[in-house]
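Next come the chains, spelled out residue by residue.
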Amino acid sequence: MSVIGALANHAAGPSDSSADPLWYKDAIIYETHVRAFHDSNGDGIGDFRGLLQKLDYVQDLGVTAIWLLPFYPSPLKDDGYDISDYTAINPAYGTLEDFKEFLAEAHRRNLRLITELVINHTSDQHPWFQEARSSRDSPRRDWYVWSDTDRRYRGVGIIFKDSELSNWAWDPISKSYYWHRFFSHQPDLNYDNPAVLEEVWKVMQFWSDLGVDGFRVDAVPYLVEREGTSCENLAETHEVVKSLRRRLNEKYPQSFLLAEANQSPADVRPYFGSGDEFHMAFHFPLMPRMFMAVKLEDRKPIVDILQQTPDIPESCQWGIFLRNHDELTLSMVSDEERDYMYDVYALDAGARLYLGIRRRLAPLMENDRRRLELMNGMLMSLPGSPIVYYGDEIGMGDNIYLGDRNGVRTPMQWSGGRNAGFSTVDPERLFLPVLSNAVYGYQAVNVDAQRRSENSLLAWMKRLIRVRRSSRVFSRGRLFFLQPRNHRVFAYIRELEKERVLVVNNLSRSAQVVELDLRPFEGNIPIEMFGENPFPRIGQLPYLLTLAPYSFYWFRLRRL
Amino acid sequence: MTEDSLLSDEFIRQLTAVSEVDIVVGLPTLNDSDTVQRVVTAILVGLAKYCPRERSVLINPDGGSKDGSAEAVQAASMPDFRAVLVPNPLRTMHVVSTRYPGVQGESEALTMLFAAADLLGAKACVLISPDLESVTPEWIDALVRPVLKNGFDFVAPVYQRRRFDGMLVKNLLHPLIQTLYGHQVEEPVGREMAFSGKLAAYFLGDESRRENFPGLGAHVWMTTAAMAAGYRLCQSFLGPRVTASRRSGLDLNTTIQEVAGTLFRCMEIHQSYWISRDGCEEVPTFGFQPVLDLDAARIDRKRMFQMFGRGVNELGSVLEKIVSPETLRAITEISKQEEKHFLFPDDLWVKTVFEFAASYHHSVINRDHLLQALTPLYRGRVCSFILENARAGNEDVDRKLESLRQQYQQQKPYLIERWNRQA
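Sequences listed follow chains A and B, in order. Taking the numbering used here, the leading residue of the first sequence gets 1, the next gets one more, and so forth. Taking the numbering used here, the leading residue of the second sequence gets 561, the next gets one more, and so forth.
Treat the hints as calculated values from the structure; they're not laboratory data.
Across the chosen pairs, the derived CB separations fall in these ranges: (1) B:R573 - A:G416: 49 to 55 Å; (2) A:L496 - B:P647: 33 to 39 Å; (3) A:D267 - B:Q849: 42 to 48 Å; (4) B:T696 - A:D311: 39 to 45 Å; (5) B:R573 - A:A438: 44 to 50 Å; (6) B:P647 - A:A88: 46 to 52 Å; (7) B:R598 - A:E454: 58 to 64 Å; (8) A:P534 - B:G711: 51 to 57 Å; (9) A:D267 - B:N772: 57 to 63 Å; (10) A:L479 - B:G711: 42 to 48 Å; (11) B:D640 - A:F481: 18 to 24 Å; (12) A:D339 - B:G711: 19 to 25 Å; (13) B:Q849 - A:S163: 44 to 50 Å; (14) A:G531 - B:P844: 56 to 62 Å.
Part of the chain A face toward chain B, derived, beta carbon under 8 Å: (15) L296; (16) D298; (17) K300; (18) P301; (19) S334; (20) E336; (21) E337; (22) Y340; (23) P484; (24) R485; (25) N486; (26) H487; (27) R488; (28) Q512.
The beta-carbon is built from N, C-alpha and C at its ideal position, and this holds for glycine as well.
Kindly produce the complete structure, drawing on both the sequences and the hints.
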């Protein structure tokens with residue numbers, strides 16, 4: 001199909017599963033940043049044309065959807081989460097036409113596109129805020145949360161404690177305080193004003209009309225404020241979400257909403273409503289516990305959190321991930337767990353940021369291929385739609401000396417050539433320097449090199465994703481834990497209708513033996529899913545398996 | 561030829577599942593279902609609170625309880641940790657129960673623990689009694705920390721004792737061990753203790769372990785073996801030791817058989833060590849010891865005195881084979897004193913103990929009979945000690961005990977002379 005032909009179809013979704021409104025349940029999502037992926041015009045900043053040029057790579061990886069970080073006009077004080085225009089493209093990344101072309105090509109490759117809907121706040125450079133602060137009588141004044149005192153909503157937590165002292169900031173122009181749960185340059189929108197909600201809906205329509213398949217809604221719990229509360233997860237916030245979901249369903253029934261709510265599973269559960277709020281929500285607390293489990297060599301942290309995870313409506317799904325563009329957040333763990341995580345994963349204090357660890361997957365796993373595989377194996381076999389952060393599929397490293405979370409947002413490493421194949425610009429002009437150290441630098445870790453090896457991490461990730469996609473039992477099946485005595489072995493059954501998969505993970509750095517009680521599946525033959533090799537038939541006796549360090553098995557249980 | 565396995569296949573299966581650990585807590589049981597659940601809870605809370613990052617397993621060797629002790633251990637539910645101000649444990653806490661033959665008592669159980677600790681590569685092992693009523697989670701910290709954090713190999717307990725409590729320890733075990741082995745361990749027969757994995761491996765490999773010292777004797781053997789092998793010792797203050805009342809009245813004859821008998825045997829095993837050793841080292845003590853004046857233990861002094869007199873009278877022919885004529889004469893003389901003026905002086909008591917030890921060594925009579933003959937003399941000594949210190953304060957009693965220890969030290973050459981006499 002020509003580019004022109006694709007453009008003509010830009011509003012249409014991907015062809016293969018377009019009829020399935022639950023497509024997101026089977027999705028494997030690739031998270032990336034336009035700015036960091038590929039630079040087509042040699043200005044040192046990634047752009048939509050660069051992204052388009054790399055779509056074959058994304059498709060080849062086997063993922064089914066792309067989640068793009070904010071690409072809107074922005075002062076970029078918070079990597080684009082400070083938006084100054086909701087319906088335009090940041091000129092550094094291209095034009096709206098470039099975006100349309102990219103989207104059409106993505107759809108042509110059966111790749112869905114999920115974009116950011118940052119609606120809790122805007123940039124203080126957004127015209128809405130400029131207008132609102134210009135005068136207390138401005139018609140936009142009530143689009144934000146103002147106060148003559150900074151004593152309202154006392155006791156509400158400060159998210160960026162490293163850089164903010166208060167959730168109120170003084171506006172010298174209108175001589176009053178405005179509310180911001182995030183940085184002071186990100187004033188919160190006021191959802192008590194119906195006009196704000198209407199404007200947000202217009203934004204959603206704008207992108208949906210262009211063909212965007214879904215929205216990752218940023219900072220959901222903080223939309224509405226009320227005195228005497230934590231200003232999080234309020235009933236009024238749920239009303240906002242329900243309103244947007246209802247309209248989205250009516251006009252764009254294939255679209256979906258993904259909630260960013262860094263809360264406990266019990267607190268996130270209401271955001272699914274009765275299937276009338278979010279389609280998907282990130283399972284934040286699971287992620288640190290996966291890291292904890294591997295370090296502790298003990299399944300307990302994972303089992304604990306999954307057992308605390310409530311059931312969600314049939315049409316809903318968890319979004320699970322190992323790493324993303326933010327720090328590895330430890331806000332949802334106990335003080336003791338956080339101390340432990342810092343001690344084992346961030347001994348270098350420079351790796352600690354806010355309440356988390358600003359590191360990528362490979363450095364966290366000390367570049368241990370076996371642990372990288374184990375973590376990805378669990379990611380792909382636990383309940384939820386897995387999200388792969390760009391570069392983690394090749395084991396990219398990070399640079400904790402770049403400030404804030406930029407260290408995990410460095411240019412994608414395509415080759416061992418100039419600027420890692422990301423850009424032809426002089427290295428000094430890159431938006432962030434490429435990694436160049438001996439272990440994780442682009443000459444050691446890059447797509448080109450890994451494409452040449454059947455044994456590379458990239459090749460392995462492709463196989464993993466292919467096997468994951470071979471069965472919906474992973475994306476839609478129920479989960480049952482097995483409880484072998486050996487706590488270093490994390491074993492579970494995924495079951496969907498008559499299909500069952502047995503997953504056995506060795507969390508330990510040493511070889512383990514495990515006896516599994518598989519009597520309910522007596523007579524089944526476990527077929528190892530990567531090699532399609534049959535194992536001995538399951539009988540009445542405990543099923544004995546030995547596992548190499550950090551290894552895992554996926555067995556399809558078949559009655560033959 | 562294959563050696564007998566120390567561990568059953570089923571136990572090994574359970575240990576295989578547990579795999580490598582940092583801490584093994586041993587909790588031997590024998591019909592302790594009334595108290596053991598609370599002890600298990602204290603241990604689990606202690607591990608969660610003080611060793612949250614360490615991999616641990618609680619091993620319960622059970623001697624064939626008829627009251628479901630092992631089941632009670634398994635059923636001891638994890639408490640609501642938040643209610644006891646403890647965070648939810650990071651790790652899985654394993655509780656493994658297994659059977660030991662039971663005939664030899666704790667000795668078999670300890671061997672299983674040594675072997676399990678060795679198999680699991682434990683860094684620290686802790687022993688806790690199942691009938692404790694005073695155990696708290698803090699005991700785990702007090703016992704484990706010196707091993708894991710301070711590099712000690714053996715942690716003996718220090719209990720807060722009532723006056724006149726632990727008379728056998730104060731009058732015989734402690735001063736004798738201090739004199740011979742050169743370490744001031746207050747409770748050489750403490751039921752609660754900790755030792756390093758390295759020391760557990762040593763215990764396991766030490767040939768003398770095979771003698772299966774009975775009951776409390778196993779603890780005496782462990783303490784003296786650790787000293788003789790040069791391991792780093794310390795002690796930790798645990799507080800009062802209160803056990804379920806049904807256990808408190810252990811037969812004195814049995815206790816002396818177990819404790820004094822084992823110590824005399826250990827003196828033979830370790831003679832090359834203690835005969836040439838001189839001086840005494842203070843042992844580091846951890847923990848905070850509050851100043852509390854507890855009520856004195858109740859001892860039926862009158863009955864003790866009577867049993868002493870009767871024993872000396874009835875056992876004269878036995879005693880003359882064990883102790884020297886001078887000693888026997890002196891004992892006989894004091895046995896005729898009136899109770900209110902009765903005094904079994906330090907020098908005579910120490911000389912008596914030394915002569916018993918030497919006679920045990922030379923097997924002048926059946927060793928069990930020899931130890932039985934010590935019992936009435938010990939009763940006399942206790943009676944005398946109580947009379948002497950009836951109105952004494954704690955500090956006065958401490959001074960008296962220090963004087964007794966010096967007496968042991970002064971007479972050590974006499975012991976060596978008696979010990980070597982027939983060699």
